[in-house]
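Protein chains: 4
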Amino acid sequence: MPSQSVAIIGASGYVGAELSRLVQQHSALSLLGCYVSEHSSDAGTLLSDLYPQYGHCLKISLQGLSDKEKLSIKRQADTVFLCTDHGVSVALAPEFLEAGLKVIDLSGGFRLDAVEDYPTFYGFEHKQARWLQQAAYGLAEWYPHEIATAQLVAVPGCYPTASLMALLPLKQSGLLNNNKVIINAVSGVTGAGRKASLVTHGAELSLQAYGLFGHRHTPEIAQQLQHDVLFTPHLAQFPRGILATVYADLNPGVSDKELDNAYQCYAEQPLVRCDKRARPAIKDVVQQPFVDIGWHRQGNQLIVLSAIDNLLKGAASQAIQCINLQLGLPIEEGLL
Amino acid sequence: MPSQSVAIIGASGYVGAELSRLVQQHSALSLLGCYVSEHSSDAGTLLSDLYPQYGHCLKISLQGLSDKEKLSIKRQADTVFLCTDHGVSVALAPEFLEAGLKVIDLSGGFRLDAVEDYPTFYGFEHKQARWLQQAAYGLAEWYPHEIATAQLVAVPGCYPTASLMALLPLKQSGLLNNNKVIINAVSGVTGAGRKASLVTHGAELSLQAYGLFGHRHTPEIAQQLQHDVLFTPHLAQFPRGILATVYADLNPGVSDKELDNAYQCYAEQPLVRCDKRARPAIKDVVQQPFVDIGWHRQGNQLIVLSAIDNLLKGAASQAIQCINLQLGLPIEEGLL
Amino acid sequence: MPSQSVAIIGASGYVGAELSRLVQQHSALSLLGCYVSEHSSDAGTLLSDLYPQYGHCLKISLQGLSDKEKLSIKRQADTVFLCTDHGVSVALAPEFLEAGLKVIDLSGGFRLDAVEDYPTFYGFEHKQARWLQQAAYGLAEWYPHEIATAQLVAVPGCYPTASLMALLPLKQSGLLNNNKVIINAVSGVTGAGRKASLVTHGAELSLQAYGLFGHRHTPEIAQQLQHDVLFTPHLAQFPRGILATVYADLNPGVSDKELDNAYQCYAEQPLVRCDKRARPAIKDVVQQPFVDIGWHRQGNQLIVLSAIDNLLKGAASQAIQCINLQLGLPIEEGLL
Amino acid sequence: MPSQSVAIIGASGYVGAELSRLVQQHSALSLLGCYVSEHSSDAGTLLSDLYPQYGHCLKISLQGLSDKEKLSIKRQADTVFLCTDHGVSVALAPEFLEAGLKVIDLSGGFRLDAVEDYPTFYGFEHKQARWLQQAAYGLAEWYPHEIATAQLVAVPGCYPTASLMALLPLKQSGLLNNNKVIINAVSGVTGAGRKASLVTHGAELSLQAYGLFGHRHTPEIAQQLQHDVLFTPHLAQFPRGILATVYADLNPGVSDKELDNAYQCYAEQPLVRCDKRARPAIKDVVQQPFVDIGWHRQGNQLIVLSAIDNLLKGAASQAIQCINLQLGLPIEEGLL
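Chains as they are written, first to last, in the numbering used here: chain R, 1 to 336; chain L, 1 to 336; chain Y, 1 to 336; chain X, 1 to 336.
There may be inaccurate statements among the hints.
It does not matter which identical chain is used: a pair holds within one copy or between any two.
[To be verified] Capping the alpha-carbon separation at 30 Å, the derived lysine-lysine pairs in BS3-like fashion look like this:
| id | residue 1 | residue 2 |
| --- | --- | --- |
| 1 | K257 | K180 |
| 2 | K276 | K68 |
| 3 | K74 | K180 |
| 4 | K276 | K180 |
| 5 | K127 | K171 |
| 6 | K70 | K180 |
| 7 | K68 | K127 |
Rather than coming from a laboratory, the hints here were simulated on the basis of the structure.
With the hints as constraints, model all of the structure from the sequences given.
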């Protein structure tokens with residue numbers, strides 16, 4: 001089996017911790033180190049002190065990312081996972097890429113097609129147009145070849161993963177008519193990140209919509225789907241998981257068989273569980289690397305339901321799927 | 001102040017208990033008795049034993065509804081509230097109506113326009129076409145005059161209340177175009193009733209869609225709105241509350257001012273809290289008689305958010321609004 | 001009915017907001033103003049913007065507590081409620097007391113008997129020994145006369161309220177033997193206050209003990225009970241409520257009747273619901289001003305269960321009980 | 001590696017499903033079949049239809065346990081896991097034992113020392129005194145040799161597991177004085193089993209004590225610990241997990257070092273995570289096979305905190321530990 005040395009930068013967040021755990025239990029990956037920003041108060045802390053649930057496997061000291069550590073990563077690592085803020089990823093990635101490493105970025109820093117969209121949706125000027133262009137979009141079941149050969153992979157956002165896994169089979173099969181697709185999605189609170197905030201305060205949490213008309217995942221979904229979408233996220237009080245309820249219209253004359261056939265694209269995919277009768281529930285995907293999909297139809301109206309764990313298929317386990325593809329391993333290696 | 005003697009039938013369920021409490025604390029209403037079906041095992045039990053939270057105000061013995069009790073109700077009560085199953089309401093209501101009492105029914109037994117829809121959506125033949133025709137639809141802010149003078153009031157369903165309160169201002173103002181309106185709604189588990197069931201088991205609950213394309217609240221919303229709707233309910237793990245996220249398209253050329261003006265219909269309504277900037281949350285309406293509404297627009301796309309307590313504005317407190325209207329009292333009497 | 005003008009300082013926190021609401025709906029109280037610290041970013045904000053659930057009744061602008069505002073309070077208010085941090089209360093209270101106002105303090109600043117205990121349990125030197133000595137302990141059912149005549153009332157802590165309401169009947173009746181009493185208590189997250197913190201992050205919350213052997217409510221309970229106690233609090237993921245499970249040993253020979261008689265002290269108390277068979281639950285006291293108490297015995301071992309809403313009987317509604325006592329009103333005035 | 005054919009009877013409950021999953025992913029175990037009672041409505045259903053979260057690994061048809069199936073099990077299985085009701089286990093176990101199979105019983109049917117205790121605590125006469133006497137108590141870290149050689153293993157109850165793992169180190173080291181030990185424990189709702197019930201209804205759940213003085217886990221803990229205990233369970237609204245807060249008194253003169261040394265017995269145990277500074281939380285053990293333990297002391301008063309997943313270390317994963325011991329495998333085989 002191939003073996004890769006990997007570094008995880010931004011390891012102290014929810015996604016970073018899940019990824020660290022997955023790397024630790026992956027037989028083809030060797031964890032060089034877990035890093036946080038140079039002056040973070042978490043530097044020097046054991047990852048297992050932040051995440052006691054992983055006390056048995058993550059007794060790893062978080063290291064501040066000094067120049068010296070960067071040098072050490074460049075010398076010893078094959079792949080760098082970035083679980084950093086969007087802007088930090090855009091700043092860090094080229095450094096490692098130019099040193100010849102592969103980079104799998106879990107931020108939004110390399111997800112959009114055009115640098116022009118960054119000021120609007122991410123609030124900063126994107127100065128890495130060349131790398132942006134070269135980045136493969138890491139939706140693992142859909143772009144395995146691009147991912148396998150890319151030096152830079154942009155792992156999709158959590159909502160786009162749930163949404164695109166539901167919709168791409170229809171789009172690819174030419175079954176969607178031109179009407180706007182409506183995506184109503186609900187996420188657990190880990191989606192808001194691990195930082196002190198009133199928004200995530202346990203007594204303030206309640207089912208509530210946010211980011212109306214302007215969420216940064218809207219352009220990501222639209223450009224990947226090549227379709228007009230209206231995406232509305234909601235925050236709920238549960239810790240993990242996303243449920244997307246997708247409303248779409250079929251072209252006239254689409255038969256049930258054509259519809260079911262469209263989802264046959266997932267028939268051999270080990271991490272996709274789909275069924276036309278299914279009503280996926282958050283509890284069934286939490287702490288699991290699967291996406292659960294069900295579709296329901298009345299006339300030309302279609303409702304597709306899609307559920308994932310936002311930290312796994314929506315981030316960390318999908319990043320593992322990407323490196324599996326790069327290493328020529330089964331897509332689910334280390335995940336089941 | 002006028003004084004009314006009221007009987008509550010079906011008082012042992014979640015809605016019945018809330019209504020009993022509201023009647024108890026209403027200075028114009030006198031509670032004749034709380035009834036359950038004749039052979040219910042709850043007969044003889046104190047309502048406060050089922051609902052210890054109301055131990056201070058509901059030390060009322062539930063009575064089996066025998067013929068003798070019915071007679072007593074007919075003799076002494078002015079108004080009967082029915083919190084019974086749909087079919088039971090249809091069977092019971094005429095008996096009290098014909099004895100000259102007023103009936104406020106919280107089931108779906110008299111909500112639809114046509115008896116023909118009952119076998120499809122409620123699973124029984126409706127034999128009371130005449131009363132169905134005479135029933136006023138108890139959406140209190142919208143039909144105060146019909147409610148005030150009706151002998152029979154059909155209190156709206158919980159989802160229709162949340163949906164219609166959000167949409168009727170647009171429809172009435174002629175702002176909606178002809179496209180189908182999509183209503184994505186999430187309800188707490190009390191919406192499933194107080195009965196032993198795996199569906200409501202605390203370890204089985206999780207955000208999940210149900211009733212796709214076929215929920216009985218769809219025709220209720222559509223006929224009241226006079227508009228094509230696609231309504232999708234979801235069950236969540238919290239006890240109470242409904243959040244409806246409504247997607248609608250405006251007619252071309254509707255100005256922001258026209259839109260805001262449409263919601264001015266609620267300006268003087270004491271139990272409607274609405275604001276174009278609002279993002280209503282479940283926690284803000286739980287145990288309260290309000291509906292919270294916010295609207296958001298991009299071009300001609302509109303999202304209206306609407307939150308209620310399913311047991312209060314979605315049932316019991318709306319029933320109190322109805323009797324207030326009948327008694328010529330302020331609509332919020334006894335609710336704030 | 002008497003009428004009092006009251007000011008609420010520290011109104012932006014969970015307790016302050018509940019208290020503001022209760023004052024607003026109390027017919028004998030007139031709310032002069034709601035205040036926050038002079039340079040708080042909340043100054044100028046509507047209280048209802050922080051608490052949309054009270055949008056209908058708390059459209060009150062929070063005012064920074066400048067010298068000018070203090071003067072205005074001294075001139076116009078009869079009573080000041082302090083919902084401030086412990087040290088702030090100790091600093092502020094004398095100022096208002098010396099101006100002749102009454103002060104009802106909801107912090108821990110005046111709860112302990114001895115100034116010497118403050119550095120250990122509250123982390124500051126207490127310079128107001130004289131006022132500390134004069135403060136009445138505001139456990140409303142137990143010290144009505146002291147409260148009625150005191151210029152300064154120290155409203156008990158939430159855990160001490162739940163614990164003492166369970167234990168004082170036994171102590172007063174001489175039924176407790178000398179063994180240490182063990183109090184195992186669980187609180188909702190509002191108990192940790194309304195501030196951004198990882199501790200209260202919705203994804204970090206989980207049932208967990210804290211403050212082992214050293215929580216500041218231990219000396220408060222012990223000195224009021226005049227008994228050795230071991231108190232262990234736990235944080236849980238629900239928003240509101242406290243359940244205390246109290247383990248105590250009875251003196252030899254105590255009869256069931258003597259035990260039940262001890263709790264007869266509450267027979268006429270409108271805000272105490274107690275029963276020897278009861279197993280109080282958090283859900284039954286949330287958003288209610290009651291304490292629910294049940295006791296269970298085997299031989300001389302006794303378990304007393306006690307549940308309150310930490311923000312109401314554990315703070316705001318008990319403060320209202322105190323001012324009711326001071327005004328000669330029924331203890332439950334404005335609370336039911 | 002040794003290979004064993006195992007049958008799981010009572011596979012449709014929460015414990016049975018977890019155990020089926022663990023057996024499926026265990027490389028030394030081969031799953032002969034999953035069984036339910038002969039006339040159960042679940043017979044013929046796929047286990048994954050009841051547990052969609054295990055859709056990828058439990059597409060196993062539940063079989064009714066007819067005489068024919070029993071015969072087939074006797075012929076082909078090496079070990080039978082019983083996840084059945086207590087009385088059913090007592091009836092079934094001897095049949096398989098006498099056919100020479102090993103039985104690992106997850107019910108309470110063989111946990112108590114004396115048949116005389118069964119009518120009181122389990123409500124039935126126990127007719128299998130001989131097997132009861134031969135049963136090894138399956139607390140895996142404590143009785144590895146007995147378990148390894150026993151034909152019948154009684155896997156401990158969930159509360160006893162959490163309690164005994166916390167207390168046995170103290171008892172074995174002779175550090176506990178004679179005072180009664182108090183165990184205050186809180187369990188998630190899966191502990192109440194997977195059956196329709198008002199007790200487990202999502203809107204009825206709330207932190208609440210039950211089984212005061214009489215819970216059947218009391219004698220189980222007391223006899224294993226050989227110590228007087230007062231055990232009080234509470235039901236909470238979360239799905240999984242137990243937190244036990246244990247109050248005990250140390251003998252006079254016990255040093256900190258002696259105390260810490262007592263827990264050194266777990267130093268090499270891969271599924272015990274313990275630390276004198278730890279405050280275990282439910283979230284850290286959910287879906288994990290660990291027990292997390294922390295101890296805290298003041299003088300001779302000791303508080304030990306202990307957390308497990310009630311379905312794993314409290315049932316299914318401990319059963320796997322037992323079969324690992326029987327097969328001479330590492331105790332954690334198949335669990336990490």
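These are the hints, each one checked on the structure:
Taking the shortest alpha-carbon separations for K257 and K180, both the intra-copy value of 23 Å and the inter-copy value of 26 Å come in at or below 30 Å. In this assembly of identical chains, K276 and K68 lie within 30 Å of each other by CA distance neither inside one copy nor across copies; the values are 53 Å within and 36 Å between. When the C-alpha separation of K74 and K180 is checked against a cutoff of 30 Å, the pair qualifies neither within a copy, at 45 Å, nor between copies, at 56 Å. Taking CA atoms no more than 30 Å apart as the test, K276 paired with K180 passes in both settings, with 22 Å inside one copy and 24 Å between copies.
Taking CA atoms no more than 30 Å apart as the test, K127 paired with K171 passes in neither setting, with 32 Å inside one copy and 48 Å between copies. Proximity of K70 and K180 under a CA criterion of 30 Å is satisfied in neither setting, with 45 Å inside one chain copy and 55 Å between copies. Taking CA atoms no more than 30 Å apart as the test, K68 paired with K127 passes inside one copy only; the shortest distance there is 25 Å, against 52 Å between copies.
The structure shown violates the earlier hints numbered 2, 3, 5, 6.
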